[in-house]
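Peer 1: Sequence:
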Amino acid sequence: MNDKLGIPRVQALKQAGEKIVALTAYDTSFAAILDTAGVDIALVGDSLGMVLQGQEDTLSVTMDDMVYHSSLVSRACRRALVVVDMPYLSYETPALACANARRLVQEGGAEVVKLEGGEEQAQTVAHLVEQGIQVCGHVGMQPQSVRAYGGFKVQGREQHQAQRIMAGALALQRAGAAMVVLECIPASLAARISRALTIPTIGIGAGEQCDGQVLVIYDMLGISPYRPHLAKNFLAGSGSVSAAIEEYVRAVRAGEFPGSEHSFK
891 MNDKLGIPRV
901 QALKQAGEKI
911 VALTAYDTSF
921 AAILDTAGVD
931 IALVGDSLGM
941 VLQGQEDTLS
951 VTMDDMVYHS
961 SLVSRACRRA
971 LVVVDMPYLS
981 YETPALACAN
991 ARRLVQEGGA
1001 EVVKLEGGEE
1011 QAQTVAHLVE
1021 QGIQVCGHVG
1031 MQPQSVRAYG
1041 GFKVQGREQH
1051 QAQRIMAGAL
1061 ALQRAGAAMV
1071 VLECIPASLA
1081 ARISRALTIP
1091 TIGIGAGEQC
1101 DGQVLVIYDM
1111 LGISPYRPHL
1121 AKNFLAGSGS
1131 VSAAIEEYVR
1141 AVRAGEFPGS
1151 EHSFK
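Letter by letter, the sequence shown follows residues 891 to 1155 in the numbering used here.
Heads up, some of the hints might be wrong.
What the hints assert, rightly or not - Mimicking BS3-like on lysine-lysine, the simulated pairs with C-alpha atoms at most 30 Å apart in a straight line are:
{"#": "1", "residue 1": "K909", "residue 2": "K894"}
{"#": "2", "residue 1": "K1155", "residue 2": "K909"}
{"#": "3", "residue 1": "K1122", "residue 2": "K1043"}
{"#": "4", "residue 1": "K1155", "residue 2": "K1043"}
{"#": "5", "residue 1": "K1155", "residue 2": "K904"}
{"#": "6", "residue 1": "K1122", "residue 2": "K909"}
These aren't lab readings, by the way, just hints derived from the structure by calculation.
Keep in mind that this is a model prediction, so the values were computed, not measured.
Whole structure, please, built from the sequences with the hints as guidance.
Peer 2: Written as structure tokens, this is what we have:
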């Protein structure tokens, strides 16, 4: 049997009530370790702008950056599904999104592309899916909109925000998205969205009732200059990077991570 995970097998994990484990990866060495450890999704995140390039946000990351790092990660992933962020300003129109997504697939080895936004991105998602490109959505706190928020802030605490986030997730599903990331929203809202959708939800700072969890790998290892509330240092006490990632996989699958201390109300 081919061990390579595709969208149908990831979606089947949701249907079976099994947790989906995701981590970011930016190079071949880390990708190989997380792949061997049993991580289901390797997310090549535009977070590389912050953790690799030392930027204050993700807005300066380019398509060339994403293609390059995606190509490194995809070479090492024999099992994990490779999901790659589309960077800021790379999907302003459906046509532009399609051209850039094709680069990520053809040059970078991406199996799924991820873009931020809800209802306003439904047409673009539908266009990509029609072209045979798998898409992961992203609602809640959207890092590419950080300047509009006035900083990295929890979204969805106010009723109108919560309604917009829920509507966005449903619109992405109708448009054909294969899964959706829920970032920095109240755990109760994430739980409602996860129940409402038939596609998997992958949470980051969104509580334990999402179908899966993702962290920035440097945050999970405690080696990032940032110490986000939503992360846990799995390297502490583990003895090695591979052991830390294996413990993260175990904790997510067992429902032990995230705890209430890593979530928002």
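Peer 1: Against this structure, judge whether each hint is valid.
Peer 2: Cross-check of the supplied hints:
1. Straight-line distance between C-alpha atoms of K909 and K894 comes to about 17 Å, which keeps the hinted pair within the 30 Å bound.
2. Distance restraint check for K1155 and K909: the Cα-Cα separation of roughly 22 Å lies within the 30 Å cut-off, and the hinted pair is therefore satisfied.
3. Between K1122 and K1043, the direct Cα distance comes to roughly 19 Å. Compliance with the 30 Å bound is thereby established for this hinted pair.
4. At most 30 Å may separate the alpha-carbon atoms for a hinted pair to count; K1155 and K1043 meet this at roughly 13 Å.
5. Distance restraint check for K1155 and K904: the Cα-Cα separation of roughly 24 Å lies within the 30 Å cut-off, and the hinted pair is therefore satisfied.
6. Distance check on the hinted pair: K1122 and K909 sit about 18 Å apart at the alpha-carbon level, within 30 Å; holds.
Consistency note: the structure conflicts with none of the earlier hints.
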